[in-house]
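Undergrad: Quick note, the sequences are listed as chains A and B, same order.
Using this note's numbering, you'd call the opening residue of the first sequence number 273 and step up by one each time.
Using this note's numbering, you'd call the opening residue of the second sequence number 57 and step up by one each time.
Be a bit skeptical, because a hint or two may be false.
[What the hints assert, rightly or not] Computed from the model, here is a short list of chain A residues facing chain B with C-beta under 8 Å:
(1) Ala294
(2) Tyr304
(3) Arg452
(4) Val460
(5) Gly462
(6) Arg466
(7) Val470
(8) Gly479
[Claimed, not checked] Computed list of chain B residues with no C-beta within reach of chain A, every gap over 12 Å:
(9) Thr60
(10) Gln144
(11) Pro146
(12) Val193
(13) Gly204
(14) Val233
(15) Leu240
(16) Ala278
(17) Val280
(18) Leu301
[Unchecked claim] One-sided excerpt, in silico: chain A residues whose CB lies under 8 Å from chain B:
(19) Glu339
(20) Trp342
(21) His472
(22) Val474
No wet-lab data here; the hints were simulated from the structure.
Every residue gets a Cβ at the ideal spot worked out from N, C-alpha and C, and that includes glycine.
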Amino acid sequence: MSQAAVLPQQVATRRWRSGALARVPYAVIALYVLVALIGPLVIDYDPVRTPLPDRLLAPGSRIASGEIAWLGTDALGRDILAQIVYGARTSLGIGLATVLVACVVGVTIGVVAGYSRGRLDAVLARITDVLQAFPAILLAIVIAGVFARSVPVVVLSLSVTAWISFARVTRGVALSLRERAWVDAARVMGVPVRSIIVRHVVPFTVGPVVALATLEFALVVLAEAGLSFLGIGLPTGAVSWGQTIANGQQYLETAWWISTLPGIALSLLIINIGILGDQLTARHGQRRPRS
Amino acid sequence: MNDTLEVTDLRVTFRGGLVAADGVSLRVAPEETLAVVGESGSGKTTVARCVVGLQRPDSGTLTFDGQPLGPVGRRPPELQRAIQMVFQDPRSSLNPRMPVADLIGEAWRTHPAAAPPGDRTEALHRLLADVGLDADVTGRRAGDLSGGQCQRVSIARALAVGPRLLVCDEAVSALDVSVQAQILRLLVDLRRTHRLALLFITHDLGVVHQIADRVAVMRGGAVVEEGPAGEVLGAPRHEYTQALLDAALDLGVDE
Numbered sequence: 273m274s275q276a277a278v279l280p281q282q283v284a285t286r287r288w289r290s291g292a293l294a295r296v297p298y299a300v301i302a303l304y305v306l307v308a309l310i311g312p313l314v315i316d317y318d319p320v321r322t323p324l325p326d327r328l329l330a331p332g333s334r335i336a337s338g339e340i341a342w343l344g345t346d347a348l349g350r351d352i353l354a355q356i357v358y359g360a361r362t363s364l365g366i367g368l369a370t371v372l373v374a375c376v377v378g379v380t381i382g383v384v385a386g387y388s389r390g391r392l393d394a395v396l397a398r399i400t401d402v403l404q405a406f407p408a409i410l411l412a413i414v415i416a417g418v419f420a421r422s423v424p425v426v427v428l429s430l431s432v433t434a435w436i437s438f439a440r441v442t443r444g445v446a447l448s449l450r451e452r453a454w455v456d457a458a459r460v461m462g463v464p465v466r467s468i469i470v471r472h473v474v475p476f477t478v479g480p481v482v483a484l485a486t487l488e489f490a491l492v493v494l495a496e497a498g499l500s501f502l503g504i505g506l507p508t509g510a511v512s513w514g515q516t517i518a519n520g521q522q523y524l525e526t527a528w529w530i531s532t533l534p535g536i537a538l539s540l541l542i543i544n545i546g547i548l549g550d551q552l553t554a555r556h557g558q559r560r561p562r563s
Numbered sequence: 057m058n059d060t061l062e063v064t065d066l067r068v069t070f071r072g073g074l075v076a077a078d079g080v081s082l083r084v085a086p087e088e089t090l091a092v093v094g095e096s097g098s099g100k101t102t103v104a105r106c107v108v109g110l111q112r113p114d115s116g117t118l119t120f121d122g123q124p125l126g127p128v129g130r131r132p133p134e135l136q137r138a139i140q141m142v143f144q145d146p147r148s149s150l151n152p153r154m155p156v157a158d159l160i161g162e163a164w165r166t167h168p169a170a171a172p173p174g175d176r177t178e179a180l181h182r183l184l185a186d187v188g189l190d191a192d193v194t195g196r197r198a199g200d201l202s203g204g205q206c207q208r209v210s211i212a213r214a215l216a217v218g219p220r221l222l223v224c225d226e227a228v229s230a231l232d233v234s235v236q237a238q239i240l241r242l243l244v245d246l247r248r249t250h251r252l253a254l255l256f257i258t259h260d261l262g263v264v265h266q267i268a269d270r271v272a273v274m275r276g277g278a279v280v281e282e283g284p285a286g287e288v289l290g291a292p293r294h295e296y297t298q299a300l301l302d303a304a305l306d307l308g309v310d311e
């Protein structure tokens, strides 16, 4: 009897807990977005201003101007907290731009290829095969290394491989949708192909595409940090987690906070976006087709 | 010649070697109903898809009103309007994201010549009333409609562009028996009021006698028997027709 009385309560608790847990990624990502949007307005930071007396201060130290560097300073006396806040803006901005470019290009190509099949589809399949033979980051390194460091180059070099996943997913969806009776009905009606694609195919790719976009976003943020770490990403004037982490490399033993704290900021964001992406993928039932 | 569908020696072979249509010839006169019956795999749906231009035949000619019928995208607008289709699965033949008003609106937008002059809402309500639907379905999507209602919307969408020939591919097969009877009655009524010819594809001999003027029996991609409905159903000459009839009787068509 007592068991029966307790059980529903336990179930309710568990459900509440899993419901609350499922919302954690949303909260964390919202926090990052908030920091990226508002942070730079509150905290002043100039990457060129290097107050050397303040160099390598531990988190919580008081700097020369009397303020407290909550997360310490780097080898040039620049505030780490400010770098993390400004870096968040850079990471999210580049991630958003890249995913947007990759999404528009990939969805367009994928839907058209899947709907029309034929030669375009065959060409797409070959391009995919070729591009998959290279590790994505290697291709990005080559492209970013060839051109001068700038934001558009970084976005371009990351989009070059990112669009493929979008093209593959939407191609699959379009392939199955073109067999649906409502597409046949529109064709019999004489609806132009472009309208059929826009009205009767594309709206049904939104779920899988959004799920994929979140996963790609995480990969792009990570790849951007990687490029900046290698010194071929953003120009030195821009603040990027990858650069900050690279700057702290030689001080890992003496001043761990320079590399570690932006690293934690980066990892937390990636993990939460990854979880969110998995949730969305599970909900929309489209597993990312891997080769 | 006027508004007559002529199918001559139609041949379709699918990749993989399956012969779906092996020299099919059919003729549907204006305002006539031809039922094409046969078991699944007999090629009757392939014939229907060729007629509406969804399937390209390997050889053979299709003409309507003397004009050749190519792939649907290459047909002149009048010809696209003239031949419309109602599909088997009522639910999936309507885009689940579009409300009924938009589905019908798309037909009128595609064929402005068929669009009603003046108030479209008024015309939409009249069109829906023609197929036995209330005006309050205009804002609903396929998911909020019953199978029978979906099929009525499909029929309304086809009627919106003023067709001369309506191809019904197993249009009542997916419906409950009672709904089936309603939709059949609706088609019989519409055929008269809209002066339609029907190409009625079905595997169910039970519904054929309710609607068909003539019957063509298909097997293995070929027409094995053709004639007036009464003769073919009453005194079949081909043993396959006899077998189909026997099978239908076993299932209790006479109930």
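Undergrad: Each hint: holds or not?
TA: Consistency of the hints with the structure:
Hint status for Ala294(A): violated, given a least beta-carbon distance of 26 Å to chain B, over 8 Å. Hint status for Tyr304(A) relative to chain B: violated, with the closest Cβ pair at about 32 Å, above 8 Å. A least Cβ separation of about 6 Å between Arg452(A) and chain B falls short of the 8 Å threshold, and the interface hint therefore holds. For the restraint placing Val460(A) at the interface with chain B, the shortest Cβ-Cβ distance is roughly 5 Å, inside the 8 Å limit, so the hint holds.
Below 8 Å, beta-carbon pairs count as interface contacts, and Gly462(A) has one with chain B at about 4 Å; its hint therefore holds. Given the 8 Å rule on beta carbons, the hint for Arg466(A) is violated: about 12 Å separates it from the nearest Cβ of chain B. At its closest, the beta carbon of Val470(A) sits 12 Å from a beta carbon of chain B; the interface hint therefore is violated under the 8 Å criterion. Of the supplied interface hints, the one on Gly479(A) is violated, with its beta-carbon coming no nearer than about 12 Å to a beta-carbon of chain B, more than 8 Å.
Distance check for Thr60(B) against chain A: the nearest CB is about 20 Å away, which clears 12 Å, and the non-interface claim stands. The Cβ of Gln144(B) does not lie farther than 12 Å from every Cβ of chain A; its closest approach is about 7 Å, which violates its non-interface assignment. With a minimum CB-CB distance of about 9 Å to chain A, Pro146(B) fails to clear the 12 Å threshold, and the non-interface call is violated. No Cβ of chain A approaches the Cβ of Val193(B) within 12 Å, the least distance being about 17 Å, so the stated non-interface status holds.
Look at Gly204(B): its CB is around 16 Å from the nearest CB on chain A, clear of 12 Å, so calling it non-interface holds up. Separation of Val233(B) from chain A is adequate, the least Cβ-Cβ distance of about 22 Å exceeding the 12 Å criterion. Even its closest Cβ contact with chain A, about 20 Å, leaves Leu240(B) beyond 12 Å, as expected for a residue assigned away from the interface. For Ala278(B), the requirement that its beta carbon stay farther than 12 Å from each beta carbon of chain A is met, with the minimum near 25 Å.
No Cβ of chain A approaches the Cβ of Val280(B) within 12 Å, the least distance being about 28 Å, so the stated non-interface status holds. With a minimum CB-CB distance of about 30 Å to chain A, Leu301(B) clears the 12 Å threshold, and the non-interface call stands. Interface restraint check for Glu339(A): the shortest CB-CB distance to chain B comes to about 55 Å, outside 8 Å, so the restraint is violated. The interface hint given for Trp342(A) is violated, since its Cβ lies 50 Å from the closest Cβ of chain B, which is over the 8 Å cut-off.
For the restraint placing His472(A) at the interface with chain B, the shortest Cβ-Cβ distance is roughly 5 Å, inside the 8 Å limit, so the hint holds. The criterion of a C-beta within 8 Å of any C-beta in chain B is not met by Val474(A), whose closest approach is roughly 11 Å, and the hint is violated.
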